[in-house]
Every structure is written in structure tokens, then in C-alpha cells.
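With chain A's structure known, arrange chain B on it following the hints.
Protein chains in written order, with the numbering used here: chain A, 1 to 112; chain B, 1 to 111.
Short, incomplete list of chain A residues facing chain B, as computed with Cβ under 10 Å:
#1 Gln6
#2 Leu45
#3 Asp56
#4 Glu100
#5 Arg108
Rather than coming from a laboratory, the hints here were simulated on the basis of the structure.
Don't be surprised by glycine CBs; every beta carbon is placed ideally from N, CA and C.
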Amino acid sequence: DAGITQSPRHKVTETGTPVTLRCHQTENHRYMYWYRQDPGHGLRLIHYSYGVKDTDKGEVSDGYSVSRSKTEDFLLTLESATSSQTSVYFCATSLGTNNEQFFGPGTRLTVL
Amino acid sequence: GQQLNQSPQSMFIQEGEDVSMNCTSSSIFNTWLWYKQEPGEGPVLLIALYKAGELTSNGRLTAQFGITRKDSFLNISASIPSDVGIYFCAGYTNTGNQFYFGTGTSLTVIP
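Isolated chain A (complex conformation) (with noise of 0.2 Å):
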């Protein structure tokens, strides 16, 4: 368990409002990563970093984007959060990029 935190665990917003998820890493990985997972798909990566002001998009970027000020947080911000964006986010860790990641609890976004 690489100590990975999610907060908040749930959120309940309005179409059009701005939405800030933050990920808390205590086992000082390089890489994070954050992901959304649907019913009928697999976890698909939205974006990660690979240091710190070091990020890079994933195959669904679009609608958020990310920050990384300090190796142990990780910010993934919906500027204008929309019913699709209705979802369950987790947020990894890893040492390196093909290395294990390790994840956290989740966070369940209603987007209404």
C-alpha cells in the first residue's frame, strides 16, 4: 500500500461549476496518475505527471486538466464539470512508469 489518499470521497455538483479533486502520496513515487472508471470500460488514464510541474495528458484528457506543486499532490481540476464527467476517479502511484501502481480509495463525482 503506497499511503494514497483521495479527497473528498464523494461530490455532488451542478453542470458548470468547477470541480478540484486532490490526491496525497506518503511514499515520495515520481509518477501519479489519474484515471476515471465506467461501467463497461476499464480504467482509462486522464492525465499524469512524471515530476513536479511535469505533466502529460492520457487518452481522455478533454474537460481537465491537472497540477502537480509538490511530489505528494496531485490536483485534477474539471473547470466546467458536465453530466459525462459523471464518474469514479481514482487516483495512482508508481516509482516508474512500467513499474506497479499502487492506487487510491476513489473519488465518486455526480455531476447533476
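Then chain B, alone, in the frame of chain A:
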């Protein structure tokens, strides 16, 4: 993105039975990971595989990295009720520089 086909989608078995599931793709992968996820929780890593042909065990779980590098297998021996959950595979490809995840196998163990 890459497609990982995981089968079966669901399994209902009696306690004590052995379980087999697999993950296949048309692409070559360099790393395979197997996870278990329970309701309301994040995926928990079970086994990591890094070499074609590799066979790795973790208690009653055994996973193999397929020799073609396009598939991986997970076996659970002598299932127990706490094995219930969804099992995911994930494969890493240098081409995509990320892990791709299967859609999961839902396991129900009947006492």
C-alpha cells in the same frame, strides 16, 4: 487506445473450486499487472509480471505472462468467500507509454 479483452466477464463458482481467467490483446505488452477491486474501494495489486513466460504466485493466486506477450492468465486455487470481487488485468506497452486496463472479471463465490 489499446484493447484488452478480459474473460470471462463474470463467474459464479462453489467455494473450494479453482478459478481461471485471462486477458488477451492484439498488441505486445512488456508488463502485466493483476488487481482485485471490492465495492467502494480502489484496485489492490495482486501480482506483477515483467518477463514473457514468467509464472508468479501470491498465496493461492498464480499468474502467468504469456509467451507471445499478448496475453496473461490468473488462476485462483481453492476459492473462498473473501475472493469475491472484480479482477482486472493491466498491460504496459512502450508504444503507448502507459498501462491499459481490462474491463474486469466479476467473481462470485457461493459458500
